[in-house]
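A.B. asks: Listed below, chain by chain, are the residues.
2 protein chains.
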Amino acid sequence: MTPIATVHSCFGEKFGVPRQPLLADASRAAIELLPPLNTPDAVAGLEQNTHLWVIFQFHQAAGEWSAKVRPPRLGGNKKLGVLATRSPFRPNNIGLSVVRLLEVRLKPKVELIVGGADLVDGTPVLDIKPYIPYADAVEEAQSAFADAAPQMLPVFIPEDIMQKAHAFKDDWDTDLPRLIEQLLGQDPKPAYQKPDPQRIYGMQLCGFNLRWRYTESGIEVVALDP
Amino acid sequence: MTPIATVHSCFGEKFGVPRQPLLADASRAAIELLPPLNTPDAVAGLEQNTHLWVIFQFHQAAGEWSAKVRPPRLGGNKKLGVLATRSPFRPNNIGLSVVRLLEVRLKPKVELIVGGADLVDGTPVLDIKPYIPYADAVEEAQSAFADAAPQMLPVFIPEDIMQKAHAFKDDWDTDLPRLIEQLLGQDPKPAYQKPDPQRIYGMQLCGFNLRWRYTESGIEVVALDP
Chain A
0 MTPIATVHSC
10 FGEKFGVPRQ
20 PLLADASRAA
30 IELLPPLNTP
40 DAVAGLEQNT
50 HLWVIFQFHQ
60 AAGEWSAKVR
70 PPRLGGNKKL
80 GVLATRSPFR
90 PNNIGLSVVR
100 LLEVRLKPKV
110 ELIVGGADLV
120 DGTPVLDIKP
130 YIPYADAVEE
140 AQSAFADAAP
150 QMLPVFIPED
160 IMQKAHAFKD
170 DWDTDLPRLI
180 EQLLGQDPKP
190 AYQKPDPQRI
200 YGMQLCGFNL
210 RWRYTESGIE
220 VVALDP
Chain B
0 MTPIATVHSC
10 FGEKFGVPRQ
20 PLLADASRAA
30 IELLPPLNTP
40 DAVAGLEQNT
50 HLWVIFQFHQ
60 AAGEWSAKVR
70 PPRLGGNKKL
80 GVLATRSPFR
90 PNNIGLSVVR
100 LLEVRLKPKV
110 ELIVGGADLV
120 DGTPVLDIKP
130 YIPYADAVEE
140 AQSAFADAAP
150 QMLPVFIPED
160 IMQKAHAFKD
170 DWDTDLPRLI
180 EQLLGQDPKP
190 AYQKPDPQRI
200 YGMQLCGFNL
210 RWRYTESGIE
220 VVALDP
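So the protein lines, in turn, are chains A and B.
The numbering of the first sequence is numbering that gives the first Met the number 0, which starts it at 0 and goes up by one.
The numbering of the second sequence is numbering that gives the first Met the number 0, which starts it at 0 and goes up by one.
One should not assume that every hint holds.
It does not matter which identical chain is meant; a pair holds if it fits inside one copy or across any two.
Said to hold, decoys possible - Derived lysine-lysine pairs resembling DSS-like cross-links, with alpha carbons at most 27 Å apart: (1) K106 <-> K67; (2) K168 <-> K193; (3) K168 <-> K13; (4) K13 <-> K77; (5) K106 <-> K163.
Simulated from the structure, these hints should not be mistaken for lab results.
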């Protein structure tokens with residue numbers, strides 16, 4: 000199986016990437032089509048869809064898996080079968096994400112600008128399909144494993160850091176302040192870890208080193224450094 | 000990439016298989032887990048989900064694809080980019096289907112009994128994931144390519160054939176009369192083909208040779224032979 004496209008995103012590393020797509024709808028990514036798919040023909044009509052499925056490889060998790068895993072959603076202390084979870088550590092390392100299609104660019108490269116993606120920069124893409132609401136949006140579906148979106152934490156961004164974030168510009172119109180709020184609000188650290196108020200956490204985001212700490216009431220951003 | 004499971008289904012050939020999963024919710028299939036996934040551990044907790052994603056290989060369509068395709072939904076005379084369709088003829092031949100999980104069997108084999116599947120018998124499965132409603136059921140999604148389920152045709156099954164269908168029993172409690180109605184109701188022939196009232200169409204279904212013809216008002220089953 001050969002990748003048909005590569006993801007370019009603000010997420011330089013696995014840590015901090017949204018746990019599900021659409022949890023952070025301010026995220027932006029470009030999916031660059033590779034030969035022989037880098038033709039306007041291959042994406043003709045794609046713009047008729049508001050959402051797409053991206054089937055991709057968890058390339059940073061290749062080869063490592065076990066039959067039972069401890070999903071962070073369940074606090075990291077309860078085990079489930081790997082097929083009963085969305086763990087990236089799975090037999091074929093295949094990931095599945097729905098993203099919002101914002102733009103189909105044909106020049107200078109054939110690329111899809113998407114929102115809400117939970118994809119690490121450099122992710123190899125195996126397939127892209129239109130999201131077909133009548134077939135894919137199963138209203139009666141229920142999952143006791145993950146029945147509701149995680150509760151969002153309040154995120155405090157000091158004024159000087161907010162200004163830096165507002166000044167950020169890229170080709171995809173990323174709203175960096177909102178993205179920071181969404182990413183940290185979903186609490187990137189494992190749920191079973193009790194936050195140590197002394198500890199500074201960090202992630203690579205849009206070329207910055209974003210750092211934060213846990214307070215009594217939520218999360219406080221402490222740095223956004225190049 | 001190695002298949003983790005194999006599909007056992009009533010669909011002996013590609014022709015007639017539902018165009019999307021859940022269009023024919025009477026269909027039944029068993030997804031048999033293969034080593035090393037054929038352990039109760041790998042599916043522990045899976046029963047907490049009503050629906051699953053099955054990521055599979057279109058093994059009957061391997062290697063054949065072009066950048067533009069003519070989807071049957073559009074009458075077969077309009078071209079779209081392959082990535083803008085769900086055509087089985089695609090670069091990596093990866094298919095994606097949501098199915099209803101009916102039962103997790105651990106003996107004598109580890110297998111998942113599922114409903115609504117659009118999977119040909121023998122389909123190799125690459126991954127199975129829980130359907131997570133808050134992440135996967137995108138209510139605001141729109142697709143101009145396929146905005147509504149196809150209109151169903153009325154299907155007439157003569158009494159003697161109905162009795163044969165009712166008598167059918169398998170390990171998965173397939174309701175064969177209802178399955179026939181659902182499969183033929185979605186009109187398996189290409190939309191651009193004007194039905195010839197003289198012509199008898201056929202498909203392999205649950206070990207039978209099912210044959211039908213087009214009438215003024217819909218579809219009439221003419222045979223269900225072993």
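A.B. asks: Confirm or reject each hint.
C.D. replies: Hints and how they fare:
Taking identical chains as interchangeable, the C-alpha atoms of K106 and K67 lie at most 27 Å apart only when they sit on different chains, with a minimum of 19 Å there against 45 Å within one chain. Taking the closest pair of Cα atoms, K168 and K193 never come within 27 Å of each other, the shortest separation being 35 Å inside a single copy and 55 Å across copies. Taking CA atoms no more than 27 Å apart as the test, K168 paired with K13 passes inside one copy only; the shortest distance there is 22 Å, against 49 Å between copies. Proximity of K13 and K77 under a CA criterion of 27 Å is satisfied intra-copy only: 22 Å inside one chain copy versus 41 Å between copies.
Proximity of K106 to K163 under the C-alpha cut-off of 27 Å is found in neither arrangement, the shortest distances being 30 Å within a copy and 59 Å between copies.
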